[in-house]
Amino acid sequence: MKRYLPFIIVGVIAVATLVSGTMLYRAKRPHLLSIPEDKTVSGKSDTASMHIRGAPDAPVTLEEFGDYQCPPCANIAGFIDALVKEYNPRLRIVFRNFPLPIHKYGREAALAAEAAGMQGRYWEMHDLLYREQGTWSNADNARELFNNYAGMLGLNVDQFKKDMDGEKARARIDSDQERGKSLGVASTPTLFINNQEVGPTNKTPDGLRATIDAALKNKS
Amino acid sequence: MTLSRTILYTIFAIVALAGLADATYLSVQALTGETLVCGGSPDCFRVLGSSYARVGGIPLALFGSLAYFSVFSFAIFAAFGYGRARTFLTLTVSAMFAVTLWLLYVQAFLLHAFCRYCLFSAAIVFMLAALAVLTPRST
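Which chain is which? The protein sequence lines are A and B, in order. So that you can map any letter, position 196 of the first sequence is 196 in our numbering, and since no number is skipped, the others follow by simple counting. So that you can map any letter, position 97 of the second sequence is 1097 in our numbering, and since no number is skipped, the others follow by simple counting.
Please note that the accuracy of each hint is not assured.
[Stated by the list, open to error] Reference listing, derived: stretches of chain A covered by chain B, where coverage requires no fewer than 3 residues with Cβ under 8 Å from a Cβ of chain B: (1) 123 to 131; (2) 155 to 168.
[Stated by the list, open to error] From chain B, some residues computed to sit far from chain A (all C-beta separations above 12 Å): (3) 1003; (4) 1007; (5) 1008; (6) 1020; (7) 1036; (8) 1056; (9) 1068; (10) 1075; (11) 1099; (12) 1102; (13) 1134; (14) 1135.
In short, the hints are calculated from the structure, not lab data. On a predicted model such as this, the values are computed, not experimentally measured, just so you know. Positions of the beta carbon are idealized from the N, C-alpha and C atoms, including for glycine.
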């Protein structure tokens, strides 16, 4: 019996590891969200209160809840823009602010993007914030860098500063966050394609292409 | 095989089990895609969501699980007097020690972020390395 005992112990631990790993996987497996009919972003309505990139009446809508200080969001931003161009005019992007409290400057960066948007340069600031994420995320005074970015984009910097502190930018972020919370969003980036959440493993260029293609097929 | 040596290998196996639990948890996190989003500890997500956390698309934690399981198995066989298991045990722990040093370097100097689960794993590997050094060479 002693001869077989080490094999039995190793076998038991192997089985226990596989079983507990599978149970944990099942418990942690993401339950994908969907946007109910009454909260769907409709064709051209409400476009004034949304940041849209791509054809406004595109058949496929990719709604993103993002945080400017979140590294995976910056990663995704790099190829989402390329997808809009690739699928033009069949895809539009709706960006929603969802700054997470774990990120020191996430909310301030969202305010900077909104303030730039008030001077018609929302997406330019959006792209710049993601591109420079590594710089301002580690800065002692990110606000100073945001002001510099506003200058680089040719904005009226005094107005930009006022708008960043203004009620309008704050209300917009709060409204985006409220929407996200009401849909069950808890992490970033959370992506919805035509109201169905994109699974974590599909948040890659190929994964998104496949999901967009499937959404286009459904629409035709 | 002396009693002290059997006890030493049993401690080896128990320590490896703690590492196996940690690595299995991290593997599950990677497989569910939890490491590809922000929402929990920002430093952990910076480490586990980085390109260094995967080798050929496979989560590094899976290799870690395999390595800890190997250490556990070799330690059990060594405790039961299998001579060759001791050699494999030393080799595996040495390889894990080298990889751990590299991963600590990556966290400290390339990512500038530390994940507590990775640090726990590093501590386990250091304990295993210490045990390997403490184990007498001859029977």
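The hints, checked one at a time:
Interface restraint, the region 123 to 131 of chain A with chain B: violated (0 residues with C-beta to C-beta distance below 8 Å; minimum three). Proximity of the region 155 to 168 of chain A to chain B, defined as three or more residues with a beta carbon under 8 Å from a beta carbon of that chain, is not established by the 0 residues found. The claim that residue 1003 of chain B is not at the interface with chain A holds, since no C-beta of that chain comes within 12 Å of its own (minimum 15 Å). Every CB of chain A is more than 12 Å from the CB of residue 1007 of chain B (nearest about 16 Å), matching its label as outside the interface.
Distance to chain A confirms residue 1008 of chain B as a non-interface residue, since its nearest Cβ pair spans about 16 Å, more than 12 Å. Not every beta carbon of chain A lies more than 12 Å from that of residue 1020 of chain B, the smallest distance being close to 6 Å; the non-interface claim is violated. The Cβ of residue 1036 of chain B sits about 5 Å from the closest Cβ of chain A, inside the 12 Å cut-off, so the non-interface label is violated. The claim that residue 1056 of chain B lies off the interface holds: its Cβ sits roughly 15 Å from the closest Cβ of chain A, which is beyond the 12 Å cut-off.
Taking the minimum C-beta to C-beta distance to chain A, about 9 Å, the non-interface status of residue 1068 of chain B is violated against the 12 Å cut. With a closest Cβ-Cβ approach of about 10 Å to chain A, residue 1075 of chain B is found to fall inside the 12 Å limit, against its non-interface label. Every CB of chain A is more than 12 Å from the CB of residue 1099 of chain B (nearest about 20 Å), matching its label as outside the interface. With a closest Cβ-Cβ approach of about 21 Å to chain A, residue 1102 of chain B is found to remain outside the 12 Å limit, as its non-interface label requires.
For residue 1134 of chain B, the requirement that its beta carbon stay farther than 12 Å from each beta carbon of chain A is met, with the minimum near 22 Å. Every CB of chain A lies more than 12 Å from the CB of residue 1135 of chain B, the least distance being 17 Å, so the non-interface label holds.
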